[in-house]
Each structure stands twice: as structure tokens, then as C-alpha cells.
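Undergrad: Spelled out from the first residue to the last, the chains are:
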Amino acid sequence: MWSISMREIKLVYFAWVRERVGLSEERVSVPDEVLTVADLAGWLQTRGEEYAYAFENPAIVRAALDRKHVKPDALIAGASEIAFFPPMTGG
Amino acid sequence: MWSISMREIKLVYFAWVRERVGLSEERVSVPDEVLTVADLAGWLQTRGEEYAYAFENPAIVRAALDRKHVKPDALIAGASEIAFFPPMTGG
Amino acid sequence: MTTPRLIIRIQPEPFDAAAEIEALSRMGDDVGAVTSFTGYCRSEGGRLAALELEHYPGMAEEEIASVVVEASTRWSLLGATVIHRHGKMVPGDGIVLVATASSHRTASFDAAHFIMDYLKTRAPFWKKEHRADGTSGDWVEAKAVDDALAERWKA
Amino acid sequence: MTTPRLIIRIQPEPFDAAAEIEALSRMGDDVGAVTSFTGYCRSEGGRLAALELEHYPGMAEEEIASVVVEASTRWSLLGATVIHRHGKMVPGDGIVLVATASSHRTASFDAAHFIMDYLKTRAPFWKKEHRADGTSGDWVEAKAVDDALAERWKA
Numbered sequence: 149m150w151s152i153s154m155r156e157i158k159l160v161y162f163a164w165v166r167e168r169v170g171l172s173e174e175r176v177s178v179p180d181e182v183l184t185v186a187d188l189a190g191w192l193q194t195r196g197e198e199y200a201y202a203f204e205n206p207a208i209v210r211a212a213l214d215r216k217h218v219k220p221d222a223l224i225a226g227a228s229e230i231a232f233f234p235p236m237t238g239g
Numbered sequence: 149m150w151s152i153s154m155r156e157i158k159l160v161y162f163a164w165v166r167e168r169v170g171l172s173e174e175r176v177s178v179p180d181e182v183l184t185v186a187d188l189a190g191w192l193q194t195r196g197e198e199y200a201y202a203f204e205n206p207a208i209v210r211a212a213l214d215r216k217h218v219k220p221d222a223l224i225a226g227a228s229e230i231a232f233f234p235p236m237t238g239g
Numbered sequence: 180m181t182t183p184r185l186i187i188r189i190q191p192e193p194f195d196a197a198a199e200i201e202a203l204s205r206m207g208d209d210v211g212a213v214t215s216f217t218g219y220c221r222s223e224g225g226r227l228a229a230l231e232l233e234h235y236p237g238m239a240e241e242e243i244a245s246v247v248v249e250a251s252t253r254w255s256l257l258g259a260t261v262i263h264r265h266g267k268m269v270p271g272d273g274i275v276l277v278a279t280a281s282s283h284r285t286a287s288f289d290a291a292h293f294i295m296d297y298l299k300t301r302a303p304f305w306k307k308e309h310r311a312d313g314t315s316g317d318w319v320e321a322k323a324v325d326d327a328l329a330e331r332w333k334a
Numbered sequence: 180m181t182t183p184r185l186i187i188r189i190q191p192e193p194f195d196a197a198a199e200i201e202a203l204s205r206m207g208d209d210v211g212a213v214t215s216f217t218g219y220c221r222s223e224g225g226r227l228a229a230l231e232l233e234h235y236p237g238m239a240e241e242e243i244a245s246v247v248v249e250a251s252t253r254w255s256l257l258g259a260t261v262i263h264r265h266g267k268m269v270p271g272d273g274i275v276l277v278a279t280a281s282s283h284r285t286a287s288f289d290a291a292h293f294i295m296d297y298l299k300t301r302a303p304f305w306k307k308e309h310r311a312d313g314t315s316g317d318w319v320e321a322k323a324v325d326d327a328l329a330e331r332w333k334a
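Protein chains in written order, with our numbering: chain Y, 149 to 239; chain L, 149 to 239; chain V, 180 to 334; chain H, 180 to 334.
Derived from the structure by calculation, the hints contain no laboratory data.
Don't take each hint at face value.
From the structure, some residues in chain H lie toward chain L, with a derived Cβ separation under 7 Å [unchecked claim]:
1) L227
2) A228
3) E231
4) P236
5) E241
6) W254
7) K299
8) A302
9) P303
10) W305
11) K306
12) W318
13) V319
Heads up, the beta-carbon is just placed ideally off N, CA and C, and yes, glycines get one too.
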């Protein structure tokens, strides 16, 4: 047996990621082995069909750590707010 | 002896070409052997010191035939109005 | 280089593009050029009744500020104003305004174009369509061409 | 392609840039982008009291029209307005306005920039300086960089 250490992180969702997840924000406890943004998206996919749908094509979901754009391989350690959203269509 | 055939042409001048020539427009009789814009500028240079001054550096004086930009080698035959002016500085 | 006057606003209210452009042009006797770009909500031939713009508060301001500051380091600007609306807009409504002032024309043209191209791909805004037939439409899809247009400025 | 609405005016009177931009944006629900450029008379740090613009009547209109028509064949425009003043202008006065409307942003940006770059080197206007100390100044010299900027569009 081994114990899983967890951290609590604030997640925010926008546009169709928000609609599919069904939440605009939540606080989640993330296992320690979730190191990167890609790990986090993969772990979220396992949390239910809403998440599986929102992250079905993780390559097109963008992320921001503490309001800065990041790539999937960015480490999430130390971030207090992680956002997931589709490619931007402003302007 | 040979006779010189002449044509009458309207010339218009702008900006410092106008100031140097001392006229904004004139009608001149141009000898037949004046074929191109460059010939015309060269012939004008011989018409007095105002003209010599205006055309002292013919490479920088621009020309238009009937209100269309032309190069120095453009033939003047058929033109009813020929303009000389410095490079443009509008906008 | 004098520090340019930078104005960045994210707001639900309509903006007065004319007044913003006028304010930039009145910044002093060294303003020789003002370029402005306004993006409007379109009906797409009558297909759309409205667009709804969602944004990420805080990050939207920060990303636009960083794009504007980068523009002001690349070009000699006297001022720049960027206003981006969120919420529901109908065809004809202004969505975004980018206006730049400089002494010479190239700086204001290039800076305004750069800001718009970068804003398109970096500012966290998303458009949802509301169809003219009353049904809720799709989220507008991002265009690959917009990424390519932003990449151009890295050359 | 619909025929764009083209407005070209050469006039001694001041123009209302805001009203012209507004008119372009009100051309219909397919206007998604309006880019405007306004060039102003500058004091050059207090050195100049005024600029006097001389032009070649007739040719000025024709050259600007030909530049605008060329722009409308290269980009999909819904409308374009070009106003160029002549006569005496003081610092802060608008000298030239170029505004373009299109469905998508790149067309209006590029067309406005192209029109300005071409207008600079092709439209028969000449600026004479009036110095702040009351003396008559020089004719403004054309810049080689302006030719280079116009050449760029041939690529």
C-alpha cells in the first residue's frame, strides 16, 4: 500500500470547455504525480463524462497558469489558478 | 539652311520648380527635334537662368504628360500639357 | 524615447471610437499619424442576430497590456488605446478598438496591425454565435490564418 | 465581389475624420473591420508654424483614384474614403485621411497601408514649411524611405 499526497488547486474553465464541464470554476485536490498541464488534463478526463467530453481532444484545449499562457508540458507546481479554454476568438 | 518646325505645348510647374522658373504655367513653342521629356528639360535649361536653375539637376525633376507620371525617356508627341515638379511630399 | 500614453479597457459598454481617435490626435504637436482599427459584429449575410463575448477577467487586461507594451518597445509610439468589449453585441456594434499615435506613419500603422494580430491569438476572449432564427449557435472557431498572421511579426 | 463605395476628395477645408470613419462603419452588417489613418501637421518640436500644401489639380484626384481602385482590386473592400487637404495648415490639423472598410481585418489594414504608401510617392502634393520665427522655410524633401515603402507592395 502507498498513500497519495494531494494538493488543492483552483481550476477555471471558459467557453465550450466551461459548457462541457458544466462549471465555470472549482477547487480540486490533485494527486502529486500530476506534474504538468498535460497530466492535469489527462487526470481531469477520468473524473466523469463531462470532463471526458471537454478534454476529448486535449491537443486543442489551451491552458493558462496564473493567467499566463503555457504549453502542455508546463509544470503546475506552485500555480494557484489553472485555466482551460479553447483557442481564442476575440478581436 | 533648314527650317525648324515648332509645336506649341502647355507647360505647368509646381513647388520649387515653379518658384525657380517664376511661372506656374506657360505656352511654349518647342522645336521638333525635342522628342522626349529629357530633351524638353534640356531645351528648357537653355531658355534663361531661371530655367537653368530649375533644371540644374534634371535627374530629380519629375514630369507628367497629360497628368500621368512619366519617365525622362517618355515621348512628348501628342501631349497637350506637360508638368514638371519635385518629388512629391504629400500625405 | 518618451513614455507613450497607454490606455487599455475591457468593458461591456459600447465605446466611442471617434472620441478615442480624437483624444490620441490631440496629444500634442508631435502627433503626425494616428492609425485606428475597429472590429465590428457582423450579421454574416443575415445568419446571425448577435455575438456573445466571454472573457477571462484579469488575464484579458494583462495579455492586452503585454501586447501593447511590446508594441511600444518595437515602434516609437506617442500613445496607444485598446478597448475590447465583452457581453452581447448585435451586428454593427464595435467589438474592439486599437488606435495608435506616432510622429511618423509607419510606426502607427505597424504597431496597430501588430497589436490586432497578437490580440487575436493571445487575448482570452471567445465568441459565441446567436442565430437570427432564435437558436443558440456555435462557438466561433479559431482560424489557423490568425496564428500565421501573428507569427509574421516574429520575422 | 460587390463594388466598393469609393470616396475621394481634395479640398482646402478641414475634414471630420470621426464622421468619415463612422460613415464607413455604417455601410451595412457585413462591415467587420474599419482601418483609418490620419496624417497631421506637426510643429517638429516648435520649429514650424505651418505647412503649406500645393497640389496639381486634376492629377491629384486621378492619382489618388487610381491608387484606391488598385487597392480595391487587390483586397476585398466594402468601402474606402480618401481625403487630402491643400492650402495652409497649422500643427494639429489633419492633412490626409485614408479609411477602408472590409469584412475581415487584414483587407482593411493592408489596403489602408498600401493606399498611404502609394499616395506618398504618387499623389502630386508638395509641402512648404513656414517657420515659427516667421521666415519662409524650405520645401520638404522627399524621403528615399517612402519610395522603399511603396516598392514593398510590389513583392
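Undergrad: Please verify that hint: A302 (chain H), Cβ, nearest Cβ of chain L, below 7 Å or not.
TA: Hint on A302 (chain H): holds, closest Cβ of chain L at ~5 Å, below 7 Å.
Undergrad: Please verify that hint: P236 (chain H), Cβ, nearest Cβ of chain L, below 7 Å or not.
TA: With a closest approach of 9 Å, the P236 (chain H) hint is violated.
Undergrad: At a threshold of 7 Å, is the proposed contact between L227 (chain H) and chain L supported by beta-carbon distances?
TA: 14 Å, violated
Undergrad: Would the hint on K306 (chain H) stand, with a C-beta cut-off of 7 Å toward chain L?
TA: This interface hint holds because 5 Å falls under the 7 Å limit.
Undergrad: Quick check on A228 (chain H) please, does its C-beta sit within 7 Å of some C-beta on chain L?
TA: Violated, because the Cβ-Cβ distance from A228 (chain H) to chain L comes to roughly 18 Å (cut-off 7 Å).
Undergrad: Hint validation: K299 (chain H) versus chain L, beta carbon distance must be below 7 Å. Holds or violated?
TA: 4 Å, holds
Undergrad: Is the shortest C-beta separation between V319 (chain H) and chain L less than 7 Å?
TA: Constraint on V319 (chain H) satisfied, holds at 4 Å.
Undergrad: Using Cβ atoms only, decide whether W318 (chain H) comes closer than 7 Å to chain L, and label the hint accordingly.
TA: Holds. Min distance 5 Å.
Undergrad: With a cut-off of 7 Å on the beta carbons, see whether W305 (chain H) makes it to chain L.
TA: 4 Å, holds
Undergrad: Restraint: W254 (chain H) near chain L, CB-CB cut 7 Å. Satisfied or not?
TA: Constraint on W254 (chain H) not satisfied, violated at 19 Å.
Undergrad: Taking the least C-beta to C-beta distance, is E241 (chain H) closer than 7 Å to chain L?
TA: 6 Å, holds
Undergrad: For the hint on E231 (chain H), just tell me whether its beta-carbon gets within less than 7 Å of chain L.
TA: 10 Å, violated
In terms of the numbered hints stated before, the structure departs from hints 1, 2, 3, 4, 6, listed from lowest to highest.
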